[in-house]
Amino acid sequence: MATVELKNIRKTYTSEEIIKGVDLSIESKEFVVFVGPSGCGKSTLLRMIAGLEDISSGDLLIDGRRVNDLAPAERGLAMVFQSYALYPHMNVYQNMEFGLKLAKTPEAERREKILAVAQTLQLENYLKHKPGQLSGGQRQRVAIGRAIVRNPKVFLFDEPLSNLDASLRGQMRVELATLHRRLGATTIYVTHDQIEAMTMADKIVVLQKGIVEQVGSPLELYDHPRNLFVAKFIGSPPMNFLPGTVIAASEEQVRVRLASGQEIAVAAGSAQDLVGAGVTLGVRPEHIRLGDSVENRGSGQVELVEYLGSAAHLHVRMQDGALLVIQTEGGVGVHADDAVTFSFPAERCHLFNSEGVALHRRSSGRMAA
Amino acid sequence: MSAVTTASQHHRKAAIGAGASGALMLAPAVFVLLVWSVVPLVLTLWYSFQNYNLVDPTLHGFAGVNNYWYLLSDPDFLQSLLNTAILVIGVLVISVGGGTLLAVLYDQEFVGRGVARVLVISPFFVMPTVSALLWKNLMLHPIYGVYSWMMRAVGLTPIDWLQRFPMLTVMMIVAWEWLPFAVLILLTAVQSLDAEQKEAALLDGAGPVARFFHIVLPHLSRAIAVVVMIETIYLLTIFAEIMVTTAGGPGVASTNLAYLIYSRALLQFDVGGASAGGVIAIVIANIAAAFLVRAVARHLEV
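In the order they appear, the protein sequences are chains A and B. Going letter by letter, the first sequence gives residues 1 to 369 in UniProt numbering. Going letter by letter, the second sequence gives residues 1 to 302 in UniProt numbering.
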């Protein structure tokens with residue numbers, strides 16, 4: 001398929017800079033997800049790659065060739081839009097045929113390609129239907145079919161699942177991932193939903209305010225968020241954050257005193273010069289262990305229990321008033337107003353300095369750059 | 001006999017019991033409808049079979065189909081039918097064709113778009129007699145008109161449009177009045193086109209022309225159908241513009257059916273003949289309406 005390379009890509013509207021210098025290289029056959037809160041510039045970036053928005057400065061390379069000044073159709077990409085953007089007056093077959101017709105593909109070849117794609121997407125029985133007669137999921141499939149049939153070098157998806165209901169979204173997520181594995185096409189996918197990003201991506205690009213906060217595999221981002229923003233954004237329910245002060249630091253360990261007075265040991269290094277400085281301790285709800293322990297102990301009162309069946313979320317108020325979410329397996333017999341004790345495993349804690357940048361963590365798994 | 005009476009009485013009672021209040025509610029509307037449409041229709045039909053001439057009161061009584069025969073065998077009548085068709089079709093082509101292009105143009109971003117939009121709509125607000133006068137005296141007058149002045153300014157002899165090409169000129173004036181209406185309706189339709197659809201077409205490799213014919217025009221088809229229907233209804237009865245500019249002349253060169261009926265009734269005082277023309281106009285309007293409603297209904301379904 002194709003590689004995509006972004007070199008210092010910028011986008012300026014009148015006086016405001018929306019995309020502030022993005023560098024990114026996407027390997028062939030890679031499934032890359034742009035994720036971020038609304039207004040972070042992820043859709044703009046995708047539209048710039050598609051050619052629907054001008055690139056103010058920087059270079060966009062597809063397969064090593066600079067395509068900044070090429071028209072969208074000449075870049076060899078296909079896009080699936082959030083609203084599907086099917087042509088309402090054409091039936092399913094004609095929708096998929098339109099691009100091929102404009103590319104002057106012979107009739108027999110068109111028919112062959114469309115029928116093959118329709119079979120892949122289970123649309124054979126709907127070829128004569130107009131988009132208005134189809135369900136949301138079917139329309140989604142037609143939009144994907146319209147993209148596939150042109151055999152593009154790169155697929156672009158702009159929040160394709162956000163118009164579907166929750167169960168259909170889960171189903172389409174699996175279908176998309178399966179389809180990507182079968183086609184092996186380079187794919188760029190935009191979403192604000194971190195679950196979609198985590199489940200489908202080979203590589204996640206977290207964006208905020210036009211800046212790439214971190215690039216990495218889903219597990220890299222989960223285990224080694226580079227800063228507070230990524231730590232907050234990746235993972236559900238989101239990571240807990242507690243303010244504290246560094247009281248001692250060695251090569252292997254940093255000791256932090258929380259606002260509540262408790263002392264926590266964190267497996268992080270190179271923080272000798274931070275002694276006395278304010279830091280933020282981050283720990284994921286699923287990593288906090290219920291029960292008494294000697295090290296890294298904490299306690300509080302349960303305010304609310306959310307039972308999810310396979311797990312439960314305990315909302316715990318600590319003595320100093322900080323609210324903590326703890327995820328436990330199953331219903332563990334904890335109820336609202338119960339007092340609980342728990343511990344933060346040293347190797348699972350994250351530390352962020354006053355600028356919100358993560359301290360180097362000493363733990364298993366791949367290291368973030 | 002008595003059985004029949006009781007049966008009908010019984011029937012009437014039941015009907016009154018079931019729908020008395022409904023009928024009562026409907027009565028005013030039905031009454032107004034009768035007075036406003038059925039009475040004139042019946043009177044027109046009645047007069048069309050009567051000898052009725054205002055300048056010759058001695059001639060009266062039932063005329064049979066004479067009024068119709070006289071009218072249908074009159075070459076002026078055929079000319080007026082032809083002129084009506086030319087006027088309707090010509091104005092429709094100009095206003096819908098031009099309206100579509102202008103709507104697409106005015107959908108683009110350009111400096112002064114707001115002002116330009118107001119200007120393009122404004123002719124619609126000028127009443128027909130005034131706009132006809134504007135064209136006749138201000139623009140096309142062979143001596144004082146702006147057009148004539150422009151022609152002379154470059155050393156050319158101005159054409160007396162209303163004299164040389166009366167039908168074409170009337171068509172232009174009416175099209176000038178109705179183009180804004182088409183632009184107004186079609187512009188709102190163009191603006192409702194989903195931006196992502198245009199972008200999808202862009203990615204499919206559609207150039208401006210392909211996008212216009214494959215995306216914009218199909219999207220506009222319903223709006224165009226509505227414009228054609230509404231304009232046709234009004235264009236069949238164009239009168240003021242002809243009255244003011246050419247008075248149907250020279251000869252009957254710019255007389256349409258509406259003007260012919262007027263001239264029969266109020267210039268030649270032949271009420272019977274004019275009524276026959278009116279009945280024919282009603283028949284033609286209904287045929288046109290039947291076709292249009294069918295075509296539009298098909299477009300509106302989807």
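Bear in mind the hints are in silico, worked out from the structure with no lab data behind them. Since this is a predicted model, take the numbers as computed values, not measurements. You may find that some hints are simply not true.
Anything over 12 angstroms on all C-beta distances counts as not near chain B; from chain A, calculated [said to hold, decoys possible]:
#1 Arg47
#2 Glu74
#3 Ser217
#4 Ser260
Subject to a maximum C-alpha distance of 25 angstroms in a straight line, what follows is the list of computed SDA-like cross-link-like pairs (lysine to any residue) [as the list claims (entries may be wrong)]:
#5 A:Lys232 x A:Ser135
#6 B:Lys198 x A:Arg47
#7 B:Lys198 x A:Lys232
C-beta atoms are modelled at their ideal positions from N, C-alpha and C, and glycine is treated no differently.
Hint-by-hint comparison with the structure:
Its closest Cβ contact with chain B, about 8 angstroms, brings A:Arg47 to no more than 12 angstroms, contrary to its assignment away from the interface. Distance to chain B contradicts A:Glu74 as a non-interface residue, since its nearest Cβ pair spans about 8 angstroms, not more than 12 angstroms. Residue-level check passed: A:Ser217 sits 29 angstroms from the nearest beta carbon of chain B, beyond 12 angstroms. For A:Ser260, the shortest C-beta to C-beta distance to chain B comes to about 51 angstroms, beyond the 12 angstroms cut-off, and the non-interface label holds.
A threshold of 25 angstroms between alpha carbons decides the hint, and for A:Lys232 with A:Ser135 the separation of about 35 angstroms lies outside it, so the pair is violated. With a C-alpha separation of about 13 angstroms, the suggested pairing of B:Lys198 with A:Arg47 holds against the 25 angstroms cut-off. Under the criterion of a C-alpha separation no larger than 25 angstroms, the hint pairing B:Lys198 with A:Lys232 is inconsistent with the structure, at around 37 angstroms.
This entry does not satisfy hints 1, 2, 5, 7, going by the numbered hints stated previously.
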